[in-house]
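K.L.:
Okay, here's what each chain looks like letter by letter:
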Amino acid sequence: MLSSRFTPLRIAGAACLLLASQAMAQGAEPAPAPETEAAAQVAVTPGDGRHGTFKTVQGDVTVVRGSVHVAAVVGDPLHATDRVLTGGQSTAAMVLKDGTVLSVGPDSVLDLSEFSFDSTTHEGNVLVALARGSLRMVTGLIAKLKPEQVRVTTPTTVIGVRGTDFIVEQRP
Amino acid sequence: MRLALPLAGLALALAGCAPATRVILLPQSDGQASAVQVQSGQSTTTLNQAYDSAVLHTAQALQTEQLSPQAVNRRYSDLLAAAPLPPRRFVLHFELGETQLTADSMNELTEVLFAANLRPGGEIVVIGHTDRVGTQVANDFLSRQRAAAIRELLIANGFDPRRVDAVGRGEREPLIPTEDNVPEPRNRRAEILVR
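Taken in order, these protein sequences are the chains called A and B.
Numbering of the first sequence is given in our numbering, commencing with residue 1052 and proceeding in unit increments.
Numbering of the second sequence is given in our numbering, commencing with residue 32 and proceeding in unit increments.
These aren't lab readings, by the way, just hints derived from the structure by calculation.
Ideal Cβ positions, reconstructed from N, Cα and C, are used throughout, including at glycine.
If you want the footprint, here are the derived chain A segments under chain B, 3+ residues with CB under 8 Å:
#	region
1	1092 to 1104
2	1124 to 1131
3	1136 to 1150
4	1208 to 1218
One chain only, chain A, in its complex shape (with noise of 0.2 Å):
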């Protein structure tokens, strides 16, 4: 029964293995072969394959992808190799798919050089480059796993972690 203080969810298409579906028993019997598996094949919505998501924006904020300048908004993507731009008194947080934190100060220019991340081990890298402006990152499960796969780097400095919460501040 559905908690009347919710809309109650409506249950459709391949959601249905969840209501449905006959015992996987895990536990009771050996488990399945693969080919047995591949029956109960969920159907799945493609994301957008994002690295990070936007989740806070205040004042200019631009997303440089390519040659393309985008007007920043919370809930937009960042991929790997995209430019964050920040104008005065202008600020952002991103999420990464890890669950590192990269907010972005004032004046500043930020690269997401480099990322990936394997969700089922924890395997990744994350590379940033501050080029100027300020940084505080907080380290996710890349970091946690393996520290010396994040690195964050100026046109001075590389900088690296032991899951950490840190400032780096590059005047340009």
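The hints should help you fit chain B onto chain A, whose structure is shown.
P.N.:
Showing chain B alone in chain A's frame:
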């Protein structure tokens, strides 16, 4: 957390000859030890206390200093204010021996949607887990399929497919550690992260 002390006598460390680069270690929210290593040219320094700072002035070697929390919070107030909300976690359970969610867990899903829709740019990550019965490969597949089915349910109820992910963690993160091939229903669950 940090005390709100008067701003009189503000540390001058952040004014004056402005450095090219500054790195400041912040305290971890879970109180765990943390560190950053800063390397510039030939010199390297490690920061391992909260508010330790590495400073690089042009044509000089790296220096370290300790800053006051008040000075850091003041100088970087805009940056620190840009932080997103911390994530929320839910745990859903399956009926014993089946892929069907319990009634309570179906209720939890409405709560999940509500929580995600409240957040600017809200995302949902559905993470399937299994016990250790069966091979690792089979459990990776099974946990992924269960997470995918829950994801499809969230999408069918109007959530943006670009902001919901399905992850299979297989047998990697048991709630209750067991020997291999030991059934443990409490490990057969879906964890949902809303961020």
